[in-house]
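**Student:** Listed here are the chains, written in short residue letters.
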Amino acid sequence: MLKFDDLTVKFAGLTAVSGLTLDIPEGRIYSIIGPNGAGKTTVFNCISRFYSPTSGTIEFEGRDLAQIKPHQVIGLGISRSFQNVELFSKMSVMDNLLTGLHSTLSHNIISISLKLPSIRKTEVEARKKANNILDMFGLTRFANEKVENLPYGYQKMVDIGRAIMVNPKLILLDEPVAGMNAAETDKLCGLILHLRNQMGITVLLIEHDMSLVMKVSDHITVMNFGEKIAEGTPAEVQQNSAVIEAYLGEVEVDAEA
Amino acid sequence: MKGRIFNRRTAVVVFAIFLVAYPFLVGQSSYFMGLAAMTAIFAIAAMSLNLLTGYGGQISVGQGGFLMLGTYTVAVLSAKLDMPIWVTIPAAGMVASVVSLIVGLPAVRLKGHFLAVATLGFGLSIPEIALNWKSVTEGYSGLPMTRPDAVSSDLAFFYVILAVTMIVTWILLNISNSRLGRAFLAIRDSEIAAAATGINVAGYKTIMFMIAAFFTGIGGGLYAYWIEYVSPNDFTIMTSFFLLAMIVVGGLASIWGAIVGAILFTVIPHFADVYVGMTNLLIGVAVILIILFRPAGLISIGEIFRKNRKGQNTKAEPERFEQSSAKEVPDVKI
Numbered sequence: 390m391l392k393f394d395d396l397t398v399k400f401a402g403l404t405a406v407s408g409l410t411l412d413i414p415e416g417r418i419y420s421i422i423g424p425n426g427a428g429k430t431t432v433f434n435c436i437s438r439f440y441s442p443t444s445g446t447i448e449f450e451g452r453d454l455a456q457i458k459p460h461q462v463i464g465l466g467i468s469r470s471f472q473n474v475e476l477f478s479k480m481s482v483m484d485n486l487l488t489g490l491h492s493t494l495s496h497n498i499i500s501i502s503l504k505l506p507s508i509r510k511t512e513v514e515a516r517k518k519a520n521n522i523l524d525m526f527g528l529t530r531f532a533n534e535k536v537e538n539l540p541y542g543y544q545k546m547v548d549i550g551r552a553i554m555v556n557p558k559l560i561l562l563d564e565p566v567a568g569m570n571a572a573e574t575d576k577l578c579g580l581i582l583h584l585r586n587q588m589g590i591t592v593l594l595i596e597h598d599m600s601l602v603m604k605v606s607d608h609i610t611v612m613n614f615g616e617k618i619a620e621g622t623p624a625e626v627q628q629n630s631a632v633i634e635a636y637l638g639e640v641e642v643d644a645e646a
Numbered sequence: 056m057k058g059r060i061f062n063r064r065t066a067v068v069v070f071a072i073f074l075v076a077y078p079f080l081v082g083q084s085s086y087f088m089g090l091a092a093m094t095a096i097f098a099i100a101a102m103s104l105n106l107l108t109g110y111g112g113q114i115s116v117g118q119g120g121f122l123m124l125g126t127y128t129v130a131v132l133s134a135k136l137d138m139p140i141w142v143t144i145p146a147a148g149m150v151a152s153v154v155s156l157i158v159g160l161p162a163v164r165l166k167g168h169f170l171a172v173a174t175l176g177f178g179l180s181i182p183e184i185a186l187n188w189k190s191v192t193e194g195y196s197g198l199p200m201t202r203p204d205a206v207s208s209d210l211a212f213f214y215v216i217l218a219v220t221m222i223v224t225w226i227l228l229n230i231s232n233s234r235l236g237r238a239f240l241a242i243r244d245s246e247i248a249a250a251a252t253g254i255n256v257a258g259y260k261t262i263m264f265m266i267a268a269f270f271t272g273i274g275g276g277l278y279a280y281w282i283e284y285v286s287p288n289d290f291t292i293m294t295s296f297f298l299l300a301m302i303v304v305g306g307l308a309s310i311w312g313a314i315v316g317a318i319l320f321t322v323i324p325h326f327a328d329v330y331v332g333m334t335n336l337l338i339g340v341a342v343i344l345i346i347l348f349r350p351a352g353l354i355s356i357g358e359i360f361r362k363n364r365k366g367q368n369t370k371a372e373p374e375r376f377e378q379s380s381a382k383e384v385p386d387v388k389i
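Listed in order, the protein sequences are those of chains F and R.
According to the numbering used here, the first sequence is numbered sequentially starting from 390.
According to the numbering used here, the second sequence is numbered sequentially starting from 56.
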């Protein structure tokens, strides 16, 4: 579904991603893990087209993303959440979700100015959809609350909720449980599985919470210093010596026991 | 909730009836009708600016320039080419919005104070152009013009201004409460997230500039017909500053706030002009007080009353949220 071919991203002298080749199949929960600064979020920002790769290509369902502008990415069926919650903080929870549907609504200025029936109708449908998602996330009672007044865990939920408003084919989740407590993490774990199992959304996940990653992932790629150092099922990755080295440091062979 | 909407609707209807009756309440005094007509024209400009600055977060310090584009478009088309009002007024909007496109194309790439300086330059240059492009504008002596015969009296044209203002208000309310208004707010709050949700940020900024300029230009056109004379001194850079002050005092990102600001800023000079320099002093004080104590503008005072009516729960609300993050968990239904 989503293919990286020899993706390299350089910022001035720094190589953030180096020769990454990946193939994310449809209908999977695919995780990218790695220490801080490994280049994970850079990969996401390349998919969102905020960054352009220095070399290499990204293809989504056979289409080269290099030809696409950032605001057109969602039209292909790729939506995302952000690591440091990028919500519209002064808007209500409801309006945030409705904005998530922006790409699918008609924007004829004349009919909006005159509030023609077609606009009213689609607006009612959009609200219905937003209400369903609020219900799913248990956020209904906060519908008219300004997002900035919500605690962090709820804001993360709204961020994800906004991303699934458009029924994406692929969702990019950037550290969805960072800053959440154990119970919230548990709920979110169930939610990620729900996205894939019931809604048929392919999930690409970046996460530091290993319990979550190991529980939900079908496949894991481990990055360090911009390079892929390992990949495989959760069980395989856990046994991989390169991964253990990246996370825990080098094993000194001649260290005294 | 239902009662609240009903109250607002009642308030709007009462206000509209008051406006319709206004000329007779003031005995058709041309001074007081002029005051109200100027309020309406400034309200149109302030609402437009609020869509751009309050909703979209794009600061324009040159909105007075678009008012002037409107006045001169109408004056030139009407006095020199003898075109009817139903051509000149829309043309005023069109000219302003085409110019805003030309100004806006580079300006949408600028942010914050850089954008403010660019628009300031525009606002400063339009009166200078009007002063010096003598073959079209007659320079310092200005352009005299007349109203169309059908609405030539002050009373009749007052109602023309009132009707146009109401229509513009309705349209701007529709825009601001729609997906377009949401997109503007989204751009103000986070351009990155806006782009990720499919909003063409540069394109929408251009559209904002054009909508704001269009209606401001129409406001300028009405002014030209009301005064029946346009000159390069009508709308200076001070007008642009006043428009910004209006939306800050009235309430950013609120169409009604812009109207409140426009009313306040025409009422203040009415009472204060007896003393030289008092007007600017009062407006300055008003801006400072609002920024200090009610950053959401005068329009937000209504919310205090609404909250007080609900009782004490509102005060405890933020605390409840904080506790909830630790204790309870979003009730995800899956």
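No lab work stands behind these hints, which were simulated from the structure alone.
Fair warning: there could be bad hints in the mix.
Here are the simulated distance ranges between beta carbons [stated by the list, open to error]:
1. F:Gly464 / R:Leu344: 43 to 51 angstroms
2. R:His168 / F:Thr397: 31 to 39 angstroms
3. R:Arg349 / F:Asn533: 20 to 28 angstroms
4. R:Arg63 / F:Gly426: 51 to 59 angstroms
5. F:Pro424 / R:Arg63: 35 to 43 angstroms
6. R:Ile343 / F:Gly579: 45 to 53 angstroms
7. R:Pro161 / F:Leu505: 50 to 58 angstroms
8. R:Leu336 / F:Ala455: 39 to 47 angstroms
9. R:Phe73 / F:Pro506: 43 to 51 angstroms
10. F:Lys517 / R:Arg349: 46 to 54 angstroms
11. R:Val342 / F:Asp394: 54 to 62 angstroms
12. R:Leu336 / F:Gln461: 20 to 28 angstroms
13. R:His168 / F:Phe439: 23 to 31 angstroms
SDA-like mimics (lysine to any residue), calculated; alpha carbons at most 25 angstroms apart, straight line [unchecked claim]:
14. F:Lys504 / R:Val256
15. F:Lys504 / R:Trp281
16. F:Lys458 / R:Gly357
17. F:Lys535 / R:Ser231
18. F:Lys510 / R:Ile226
19. F:Lys458 / R:Val163
20. F:Lys458 / R:Arg63
21. F:Lys479 / R:Ile140
22. F:Lys479 / R:Leu336
23. F:Lys479 / R:Arg63
24. F:Lys458 / F:Thr446
25. F:Lys535 / R:Arg63
We treat Cβ as the ideally placed atom computed from N, Cα and C, and that holds for glycine.
**Student:** Now look at each hint and say whether the structure bears it out.
**Tutor:** Taking the hints in turn, this is what the structure says about them:
At about 47 angstroms, the CB distance of F:Gly464 to R:Leu344 agrees with the hint of 43 to 51 angstroms. Range check, R:His168 to F:Thr397: Cβ separation about 37 angstroms, and the 31 to 39 angstroms hint holds. At roughly 21 angstroms, the beta-carbon separation of R:Arg349 and F:Asn533 lies within the given 20 to 28 angstroms, and the hint holds. Separated by about 52 angstroms at the C-beta atoms, R:Arg63 and F:Gly426 satisfy the suggested range of 51 to 59 angstroms.
One distance hint, 35 to 43 angstroms for the beta-carbon pair F:Pro424 and R:Arg63, is violated here, with the actual separation near 55 angstroms. For R:Ile343 paired with F:Gly579, a C-beta distance near 52 angstroms keeps the hint of 45 to 53 angstroms intact. Between R:Pro161 and F:Leu505 the CB atoms are about 34 angstroms apart, so this pair departs from the stated range of 50 to 58 angstroms. Roughly 58 angstroms separates the CB atoms of R:Leu336 and F:Ala455, a value that falls outside the hinted 39 to 47 angstroms.
A beta carbon spacing of about 31 angstroms between R:Phe73 and F:Pro506 contradicts the range 43 to 51 angstroms that was offered as a hint. Between F:Lys517 and R:Arg349 the CB atoms are about 36 angstroms apart, so this pair departs from the stated range of 46 to 54 angstroms. For R:Val342 and F:Asp394, the hinted distance range of 54 to 62 angstroms is satisfied, since their beta carbons lie about 57 angstroms from each other. Checking the proposed 20 to 28 angstroms range against R:Leu336 and F:Gln461 shows it is violated: the Cβ atoms sit about 52 angstroms from each other.
The given range of 23 to 31 angstroms is respected by R:His168 and F:Phe439, whose C-beta atoms sit roughly 24 angstroms from each other. A threshold of 25 angstroms between alpha carbons decides the hint, and for F:Lys504 with R:Val256 the separation of about 23 angstroms falls inside it, so the pair holds. Between F:Lys504 and R:Trp281, the direct Cα distance comes to roughly 30 angstroms. Violation of the 25 angstroms bound is thereby established for this hinted pair. For the given pair, F:Lys458 sits about 42 angstroms from R:Gly357 by alpha-carbon distance, which is inconsistent with the 25 angstroms threshold.
Proximity of F:Lys535 to R:Ser231 is assessed by CA-CA distance (about 17 angstroms); at most 25 angstroms being required, the pair is judged to hold. Taking the CA atoms of F:Lys510 and R:Ile226, the gap is about 18 angstroms. The hint holds against a cut of 25 angstroms. Only pairs whose Cα atoms come within 25 angstroms are accepted, and F:Lys458 paired with R:Val163 is accepted, the gap being roughly 17 angstroms. Our distance criterion of 25 angstroms between C-alpha atoms is broken by F:Lys458 and R:Arg63, whose separation comes to about 42 angstroms.
Taken as a hint, the F:Lys479 and R:Ile140 pair is broken in the structure, with Cα atoms around 41 angstroms apart against an allowance of 25 angstroms. Among the hinted pairs, F:Lys479 with R:Leu336 is inconsistent with the structure: their alpha-carbon atoms are about 32 angstroms apart, more than 25 angstroms. Proximity of F:Lys479 to R:Arg63 is assessed by CA-CA distance (about 23 angstroms); at most 25 angstroms being required, the pair is judged to hold. With a CA separation close to 15 angstroms, the supplied pair F:Lys458 and F:Thr446 stays within the 25 angstroms bound.
For the hint linking F:Lys535 to R:Arg63, the alpha-carbon distance of about 21 angstroms falls within 25 angstroms, and the restraint holds.
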